[in-house]
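Protein chains in written order, with our numbering: chain U, 769 to 944; chain C, 6 to 316.
No lab work stands behind these hints: they were computed from the structure.
Using N, Cα and C, we set each Cβ at its ideal position, and we do this for glycine too.
Check before you lean on any hint, since a few could be wrong.
Derived Cβ-Cβ restraints for the label pairs, each shown as a range [as the list claims (entries may be wrong)]: (1) C:233 - U:877: 29 to 39 Å; (2) C:33 - U:931: 54 to 64 Å; (3) U:931 - C:153: 29 to 39 Å; (4) U:775 - C:139: 38 to 48 Å; (5) C:193 - U:939: 53 to 63 Å; (6) C:306 - U:779: 44 to 54 Å; (7) C:34 - U:940: 54 to 64 Å; (8) U:933 - C:223: 31 to 41 Å; (9) C:295 - U:779: 12 to 22 Å; (10) C:143 - U:779: 52 to 62 Å; (11) U:940 - C:134: 44 to 54 Å.
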Amino acid sequence: MHRYIIWPAIALALAIAVYVAEPYFVTQRAAAGGPGGLAGQPAPVFDLRDDRGRAVSLEQYRGSLVVMNLWASWCPPCRAEMPDLQRLAEAEAGQGIAVVGVNEGESPQQARAFAASLGIRFPIWVDGRQQYGRAYNALGLPTTVILDREGVVIRAFDGPLTLDQMRAAVAAVRAR
Amino acid sequence: MSWFLSTALVATAGVIVEIWLPGQPAYHTGWYNVALAALAILVVVNGQKQWKAARGSRSRLAIVAVAFGVAAMGVAGVANGLFAPDDRNVVGAPGERVRVEDVGTLSFPLPGEDRNAPVGVTLDRPLHAPLEIGEHARNAGSFILRAVPRDVVDVEVRDLLGNRLTVTQPNGSVFLSPVLLMQARQTIAGMDVPFDSFNVPAARRVVKAILFTPAEAAVLMHDPGAPGQAAVLFAVDDENDRPLPHAIVMSAGGAAVRAGGLNLRADVTSYPEIEVVWAPNIAVVAIGTLLVLAGLVVLALMPRHDRAHVS
Chain U
769 MHRYIIWPAI ALALAIAVYV AEPYFVTQRA AAGGPGGLAG QPAPVFDLRD DRGRAVSLEQ
829 YRGSLVVMNL WASWCPPCRA EMPDLQRLAE AEAGQGIAVV GVNEGESPQQ ARAFAASLGI
889 RFPIWVDGRQ QYGRAYNALG LPTTVILDRE GVVIRAFDGP LTLDQMRAAV AAVRAR
Chain C
6 MSWFLSTALV ATAGVIVEIW LPGQPAYHTG WYNVALAALA ILVVVNGQKQ WKAARGSRSR
66 LAIVAVAFGV AAMGVAGVAN GLFAPDDRNV VGAPGERVRV EDVGTLSFPL PGEDRNAPVG
126 VTLDRPLHAP LEIGEHARNA GSFILRAVPR DVVDVEVRDL LGNRLTVTQP NGSVFLSPVL
186 LMQARQTIAG MDVPFDSFNV PAARRVVKAI LFTPAEAAVL MHDPGAPGQA AVLFAVDDEN
246 DRPLPHAIVM SAGGAAVRAG GLNLRADVTS YPEIEVVWAP NIAVVAIGTL LVLAGLVVLA
306 LMPRHDRAHV S
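Construct the complete structure from the given sequences, taking the supplied hints into account.
So, in C-alpha cells, the structure goes:
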C-alpha cells in the first residue's frame, strides 16, 4: 500500500506548495492607468443637469456612439479643442453619433457663457462634483471618451485632439 | 495523547492562529517559522514511523491524513511567514481604482446622495468574482482585507460671486477629486496633524488644508463656531506658492470661509481605507485542518489495542 500512497502524496504536496507560494512570486499584470484603463468596461453613468438645468444622463444616448469631452473654462487646451468638437458634431449630425461636453467642477452659468462665447451648440452638461473626471481616471483636461452603442468605453484620450484625430477615432469605432 | 498527535495539534494551532489573529509581527520572525517548519517535519518523520508500526489500513490512512494535513499547513504557514509582502493600508479617493501589487485592483466608489452612508470598496482580481470589502474582515485566499474608516475632507470652492470652481490635485493620483485624503502630516503648536493641498486653476490659487480633531480645534479656536466638531485650517497661496496676505482661515462644522479671493467650504467625512494583511492560504489551512481532524477522529474511534501503536 505504501507505494500507492507515497507518490500521489508527494505530487499533491508539490501542487499545494506551488499553489501556496504562487501569490508571493507572481506579479499581476499592471492595469493601464488614466482614462484608457477603462476601455472595454461599461461606462460609469451619473445623473447630471445640463447648463440649462435639465436632468440628463448618458443612458439617453444608448444606441448611439458617444463622444464625451470633459472640460473646464480655465483650461486653455479645452478652449482650443472646443471648435473642432463643434465641427465634428455638425459633420456627424444625424449619423448616430452624439457629442457631449461635460464641464468639470464649475457653475452652470460659467459653462453656458463659455459655450456661448465659442458658438458651441452640442449639449453641455455640468458635473459640479467632478464625478465623471474621477470615475474616468482623468489625468488632466481635456479628456475625451468614446462609448459604443451599448455604453461601453471603447477609447479614451488624455489631452486635446485635432479634428482629424477625432474623425479617425470615430471612424475606427464605427468600423468595429 | 501520543507524541505524534500532540505535535500535529501544536503545528495546526500555530498555523490557524495566523488566520485567527492576523497581522502579528511574530509570524514573520525567523524563530516562529523555524519552529513551525520543525514541528511539521517532526510530524511527517514521526508519521512515517507510526505508519510502519500501524496495524490495518484504517489506522495507516489516518496517520497519512494527519501527517499530510500538517505538512500542507506547515508549507502554507512558512510560505506566509517568509515570503508574504508587508501588510499595508491602501488609501484611495472616491471614484479611484488603485492597483495593489499581488492583491488586485481596489475600486473606491463615489459616495451616493447620503454622504454618511457606508460605502463598500470592491476588489477585482483575474479569475475571481469581485469581492466587496466592508468593516468585517474578508479572507481572499492568501490575504485578509478589512475596511477601516479614516477622516477625509471634501472641499468646495467658489469665487467671490458664488460661482463654483474646479478643484484639482496635480500632485496626487486623482487629478479631478475634491476629496482630500490627508495623507501627509506636520506638527503645528505641538500637535501632529494631517494635511493635504489642492489647486484652484481658475483662480490661480494653491490651497493647503490642515485637519484638526474637535479637541485640537477647541484648543486653537478662541470661539469655535461649531464646538465638538472637527475643523479645517485653510492657507491660500498664489500659483507660485507665495503666501497671500490675510489668507489663513479656520473653518469648523462645514461653515464657508473667505480667504485669498475664494469662498472655501470643507466637510469632514469618513471614508474607508483598506487594510491588507497576509495570512496562510485559507483553502490549504481548511483542507489541512479537516485532514488532521479526520485522522484524529479515526484514531480515536479505533479499538484500544490498535490505537496503542500510535505513540
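If you check the beta carbons of residue 295 (chain C) and residue 779 (chain U), does the distance land in 12 to 22 Å? The hint (12 to 22 Å, Cβ to Cβ) holds, given that residue 295 (chain C) and residue 779 (chain U) are roughly 19 Å apart.
Indicate whether the distance between the beta carbons of residue 33 (chain C) and residue 931 (chain U) respects the range 54 to 64 Å. 58 Å, holds
Consistency of beta-carbon spacing, residue 779 (chain U) to residue 143 (chain C), with hint 52 to 62 Å: About 32 Å separates the Cβ atoms of residue 143 (chain C) and residue 779 (chain U), which means 52 to 62 Å is violated.
Range hint compliance [Cβ, residue 306 (chain C) to residue 779 (chain U), 44 to 54 Å]: Check failed, 29 Å falls outside 44 to 54 Å.
Could you say whether the range 29 to 39 Å given as a hint is met by the Cβ separation of residue 931 (chain U) and residue 153 (chain C)? Check failed, 49 Å falls outside 29 to 39 Å.
State, for the Cβ atoms of residue 233 (chain C) and residue 877 (chain U), whether the hinted interval 29 to 39 Å holds or is violated. Because 37 Å falls inside the window, the suggested range holds.
Note whether the CB distance of residue 933 (chain U) and residue 223 (chain C) lies within 31 to 41 Å or breaks it. 56 Å, violated
Can you tell me whether the CB distance of residue 775 (chain U) to residue 139 (chain C) sits inside 38 to 48 Å? 45 Å, holds
That 44 to 54 Å hint for residue 940 (chain U) and residue 134 (chain C) (C-beta), does it hold up? 33 Å, violated
Distance restraint evaluation - residue 34 (chain C), residue 940 (chain U), Cβ atoms, bounds 54 to 64 Å: 56 Å, holds
Assuming the hint says 53 to 63 Å, is it satisfied by the Cβ distance from residue 193 (chain C) to residue 939 (chain U) or not? This hint holds: roughly 57 Å between Cβ atoms.
Hint compliance for this structure: hints 3, 6, 8, 10 and 11 are broken, all remaining hints hold.
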